[in-house]
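Enquirer: If you're matching positions, the sequence shown starts at 0 in numbering that gives the first Met the number 0 and goes up one per residue.
Just so you know, the hints here were simulated from the structure itself, not pulled from any lab data. All figures in this text were calculated on a predicted structure; none of them were measured in a lab. Quick reminder that beta carbons are idealized off the backbone N, C-alpha and C, glycines included. You may find that some hints are simply not true.
[Said to hold, decoys possible] Calculated cross-link-like contacts (lysine-lysine; reagent style PhoX-like; alpha-carbon spacing at most 20 Å): (1) LYS40 / LYS80; (2) LYS5 / LYS29; (3) LYS130 / LYS53; (4) LYS29 / LYS2; (5) LYS2 / LYS103; (6) LYS130 / LYS40; (7) LYS53 / LYS132; (8) LYS53 / LYS40; (9) LYS80 / LYS103; (10) LYS132 / LYS5; (11) LYS29 / LYS46; (12) LYS53 / LYS103; (13) LYS132 / LYS40; (14) LYS132 / LYS46.
[Said to hold, decoys possible] Derived Cβ-Cβ restraints for the label pairs, each shown as a range: (15) ASP60 / SER104: 31 to 39 Å; (16) ARG92 / ASN33: 35 to 43 Å; (17) LYS29 / LYS103: 23 to 31 Å.
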Amino acid sequence: MIKTVKQEREFSLECAFQASKVFENGGPYKDLLNARSLDAKRDPRLKESGRLIKFHFFNVDWELEPRTAFYDWLYMNALHKQPDLSEQVLTYRAFSDIAFNPDKSVNCQAYAAALYVSLQERGLLSETMLKDKELYLSTVKTGVISNAREDNTVQSPLI
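Please model the complete structure; the sequences and the hints are all you need to start from.
Expert: Here it is, written out as structure tokens:
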């Protein structure tokens with residue numbers, strides 16, 4: 000869940016992500032912040048409003064490239080604002096997202112969690128970085144990003 004400081008509103012990450020989409024013919028659909036996550040994800044306007052052109056979240060525009068930057072930023076902010084949960088996540092070194100389908104989405108919770116841990120371990124994660132879009136983007140653009148994907152390569156036997 001994401002909880003805003005100024006307005007003390009609370010909504011799911013999924014609702015924030017879907018409500019931030021801006022299309023050629025509509026959006027952002029801010030009413031989706033009040034929806035259930037599954038309802039927000041399945042809202043017909045998201046399919047009927049044309050091509051996705053950007054994200055708009057709390058008066059900040061996010062371009063579509065890097066492809067997962069906005070989702071990862073949302074995820075990391077939500078996680079960072081929940082110290083008990085973020086401390087647990089930081090104890091792991093590998094993540095899996097059983098719901099991730101690369102044919103339907105480019106965003107992956109496992110990737111966002113791994114990025115959070117990586118940035119923390121490298122000393123790059125800070126409140127300032129999470130609040131400053133340009134600093135965040137310059138930090139995550141420092142290397143090649145290869146999103147999680149299914150690998151169907153058949154490996155040779157070990158013995």
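Enquirer: Starting from LYS130, check that the Cα of LYS40 is at most 20 Å away, please.
Expert: Distance ~25 Å between LYS130 and LYS40 Cα, so the pair is violated.
Enquirer: CB of ASP60 to CB of SER104, is that within 31 to 39 Å?
Expert: violated (21 Å)
Enquirer: Quickly compare the C-alpha distance for LYS132 and LYS5 to 20 Å and report which way the hint goes.
Expert: Holds. LYS132 to LYS5 sits at ~19 Å (cutoff 20 Å).
Enquirer: Take the C-alpha atoms of LYS53 and LYS103, compute the straight-line distance between them, and say whether it is at most 20 Å.
Expert: holds (18 Å)
Enquirer: With the threshold set at 20 Å, check whether the alpha-carbon distance from LYS80 to LYS103 stays at or below it.
Expert: Violated, because 28 Å separates the two Cα atoms, which is more than 20 Å.
Enquirer: Is the Cα-Cα distance between LYS5 and LYS29 20 Å or less?
Expert: The given pair, whose Cα atoms are some 17 Å apart, holds under the 20 Å limit.
Enquirer: Given the hinted pair LYS40 and LYS80, is their alpha-carbon gap at most 20 Å?
Expert: violated (23 Å)
Enquirer: Hinted pair, alpha-carbon criterion (20 Å max): LYS2, LYS103. Please report holds or violated.
Expert: The hint is violated at about 28 Å.
Enquirer: A range of 23 to 31 Å was offered for this pair. Does it hold for the Cβ distance of LYS29 and LYS103?
Expert: The hinted range 23 to 31 Å holds for LYS29 and LYS103, with Cβ atoms some 24 Å apart.
Enquirer: Take the C-alpha atoms of LYS130 and LYS53, compute the straight-line distance between them, and say whether it is at most 20 Å.
Expert: Status holds; Cα separation ~19 Å.
Enquirer: Would you mind confirming whether the straight-line C-alpha gap from LYS29 to LYS46 stays at or under 20 Å?
Expert: Status holds; Cα separation ~16 Å.
Enquirer: For the hint 35 to 43 Å, verify it against the beta carbon of ARG92 and that of ASN33.
Expert: holds (37 Å)
When held up to the earlier numbered hints, the structure conflicts with 1, 5, 6, 9, 13, 14 and 15 and fits the remainder.
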